[in-house]
Amino acid sequence: MGPYRNMARVALRRPGIWPALLGLAWAARRRGWWRHPPFLPLPPASYLRWRLDTAYGDPDVQAPTEATVRYLRWAARMRRGA
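In this text, residue positions in the sequence shown follow the working numbering: the first is 2, and each later residue adds one.
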């Protein structure tokens, strides 16, 4: 659950970011998410690790809170086509 911890931490500290976080979770959810634990529409951990690897050069790094918030807002704008 490592890649999800940072997102959960951001969600707890910044409730205003929840719509963007939930939108990303839904947009990037893995196929057949309802068939596998934890039975939540979350992006695959491999996707989050890839994002961290391409952004920071280390898939195990904990991204800074502000960078995570910027990414979530950017992803929300991209989904809206803005």
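Just so you know, the hints here were simulated from the structure itself, not pulled from any lab data. Treat the numbers as computed from the prediction; the structure is a model and nothing was measured. Take these hints with a grain of salt, some might be off.
[To be verified] Restraint-style ranges between C-beta atoms, simulated for each label pair:
1) Asp59 x Arg36: 18 to 26 Å
2) Gly58 x Gly82: 25 to 33 Å
3) Arg36 x Arg14: 13 to 21 Å
4) Pro38 x Arg10: 32 to 40 Å
5) Gly17 x Gln63: 18 to 26 Å
6) Leu41 x Gly17: 27 to 35 Å
7) Trp35 x Val62: 24 to 32 Å
8) His37 x Arg78: 14 to 22 Å
Here a beta-carbon is modelled for each residue, glycine too, at the ideal position from N, C-alpha and C.
Going down the list of hints, with the structure as the test:
Taken as a hint, the range 18 to 26 Å is violated for the pair Asp59 and Arg36, whose Cβ atoms sit roughly 31 Å apart. Gly58 and Gly82 have their C-beta atoms about 30 Å apart, which keeps the hinted 25 to 33 Å range intact. Between Arg36 and Arg14 the CB atoms are about 32 Å apart, so this pair departs from the stated range of 13 to 21 Å. Between Pro38 and Arg10, the C-beta spacing of about 22 Å breaks the proposed range 32 to 40 Å.
Separated by about 21 Å at the C-beta atoms, Gly17 and Gln63 satisfy the suggested range of 18 to 26 Å. A beta carbon spacing of about 21 Å between Leu41 and Gly17 contradicts the range 27 to 35 Å that was offered as a hint. At about 30 Å, the CB distance of Trp35 to Val62 agrees with the hint of 24 to 32 Å. Separation of His37 from Arg78 is about 30 Å and departs from the stated range, judged on CB atoms against 14 to 22 Å.
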